[in-house]
Amino acid sequence: MIFLILAIVVGAVYWQQTLPRCSDGTVYDQCSGNKPLFCNNGTLERRVSLCGCPNLDYIRQDGEQCLDLRHPDVSKLEKRIHEIINENRVENGLTELEWNQQIAEVARNHSQDMAERNYFSHESPEGYDFTWRYAEGNVICAIQLGDMIYGGAENIHKGGVYGTIHYTNGIETSRDYKTLEEIAQDVATGWMNSPGHRANILTPYWQTEGLGVAVTSDGAVYSTENFC
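Numbering (the working numbering), first residue to last: 151 to 378.
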């Protein structure tokens with residue numbers, strides 16, 4: 151007897167839905183891998199409150215803004231250091247120093263030069279000190295007291311935008327970034343704790359000062375303070 155076996159094979163058809171995406175490949179109504187972008191019906195929009203900031207180098211500030219902790223606002227930092235310097239002078243019975251923009255530009259140029267050429271000194275690699283920089287910046291400083299004429303002074307400081315770096319299994323996981331206030335306090339405190347720098351800050355006959363700050367790509371903060 152011959153049996154005829156009929157086998158019926160039912161094939162499975164697989165269907166894959168093509169989801170709509172934004173130009174960077176992000177699916178609609180999803181956060182992009184490029185934070186804080188959000189794919190809103192084909193348009194990439196900033197949505198910090200929903201998607202967060204790019205990485206640990208940023209914090210959320212003022213709603214939809216990401217503050218880059220690696221690059222503090224140097225103009226605000228300079229002015230805050232200036233305020234703290236004057237607070238120290240007043241506490242020691244002295245008058246406040248006026249802000250001198252021309253001197254500030256000289257100070258800022260020196261900080262930028264130290265940052266760009268990786269040195270930390272009152273003298274440039276060519277041997278030029280602040281008196282040469284004053285002359286180059288057309289700063290005239292001559293305070294006469296009796297037979298003495300004082301032509302200015304300078305403080306410098308090197309710090310950083312972060313403190314402790316945290317690691318897990320040898321991999322960096324986060325950095326304790328400082329606030330602008332903390333950086334400013336570090337600079338001023340460093341000077342006030344150094345006898346020579348403190349003496350410059352508390353010199354009674356200085357009338358004005360300028361401050362200049364530069365921050366490198368790796369987070370080093372160079373500060374220069376010049377007096378007249």
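Just so you know, the hints here were simulated from the structure itself, not pulled from any lab data.
Accuracy of the hints is not assured; some may be wrong.
Think about it this way: if two alpha-carbon atoms lie no more than 27 Å apart in a straight line, the pair counts; the simulated DSSO-like pairs of lysine-lysine are [claimed, not checked]:
#1 Lys308 to Lys328
#2 Lys308 to Lys185
#3 Lys308 to Lys226
#4 Lys229 to Lys308
#5 Lys328 to Lys185
#6 Lys328 to Lys229
Here are the computed distance ranges between Cβ atoms for each label pair [stated by the list, open to error]:
#7 Glu273 to Glu214: 37 to 47 Å
#8 Leu244 to Gly277: 50 to 60 Å
#9 Arg348 to Gly320: 15 to 25 Å
#10 Thr245 to Glu266: 34 to 44 Å
#11 Gly340 to Tyr178: 47 to 57 Å
#12 Ile290 to Glu214: 40 to 50 Å
#13 Ser173 to Arg348: 51 to 61 Å
Here the structure is a predicted model, which is why all the values come from computation and not from measurement.
Quick reminder that beta carbons are idealized off the backbone N, C-alpha and C, glycines included.
Going through the hints against the structure:
Restraint check for Lys308 and Lys328: satisfied, since their Cα atoms lie roughly 14 Å apart, inside the 27 Å limit. With a C-alpha separation of about 32 Å, the suggested pair Lys308 and Lys185 falls outside the 27 Å cut-off, and the hint is violated. Taken as a hint, the Lys308 and Lys226 pair is honoured in the structure, with Cα atoms around 17 Å apart against an allowance of 27 Å. Taken as a hint, the Lys229 and Lys308 pair is honoured in the structure, with Cα atoms around 17 Å apart against an allowance of 27 Å.
Between Lys328 and Lys185, the direct Cα distance comes to roughly 22 Å. Compliance with the 27 Å bound is thereby established for this hinted pair. Simply put, Lys328 and Lys229 have alpha-carbon atoms about 17 Å apart, close enough for the 27 Å limit, and the pair holds. At roughly 46 Å, the beta-carbon separation of Glu273 and Glu214 lies within the given 37 to 47 Å, and the hint holds. For Leu244 and Gly277, the hinted distance range of 50 to 60 Å is not satisfied, since their beta carbons lie about 33 Å from each other.
As the Cβ distance of Arg348 to Gly320 is approximately 41 Å, the hint placing it in 15 to 25 Å is violated. Here the CB-CB span from Thr245 to Glu266 is close to 35 Å, well matched to the stated 34 to 44 Å. For the pair Gly340 and Tyr178, the supplied restraint of 47 to 57 Å holds, since their beta-carbon distance comes to about 52 Å. Between Ile290 and Glu214, the C-beta spacing of about 47 Å keeps the proposed range 40 to 50 Å intact.
At roughly 57 Å, the beta-carbon separation of Ser173 and Arg348 lies within the given 51 to 61 Å, and the hint holds.
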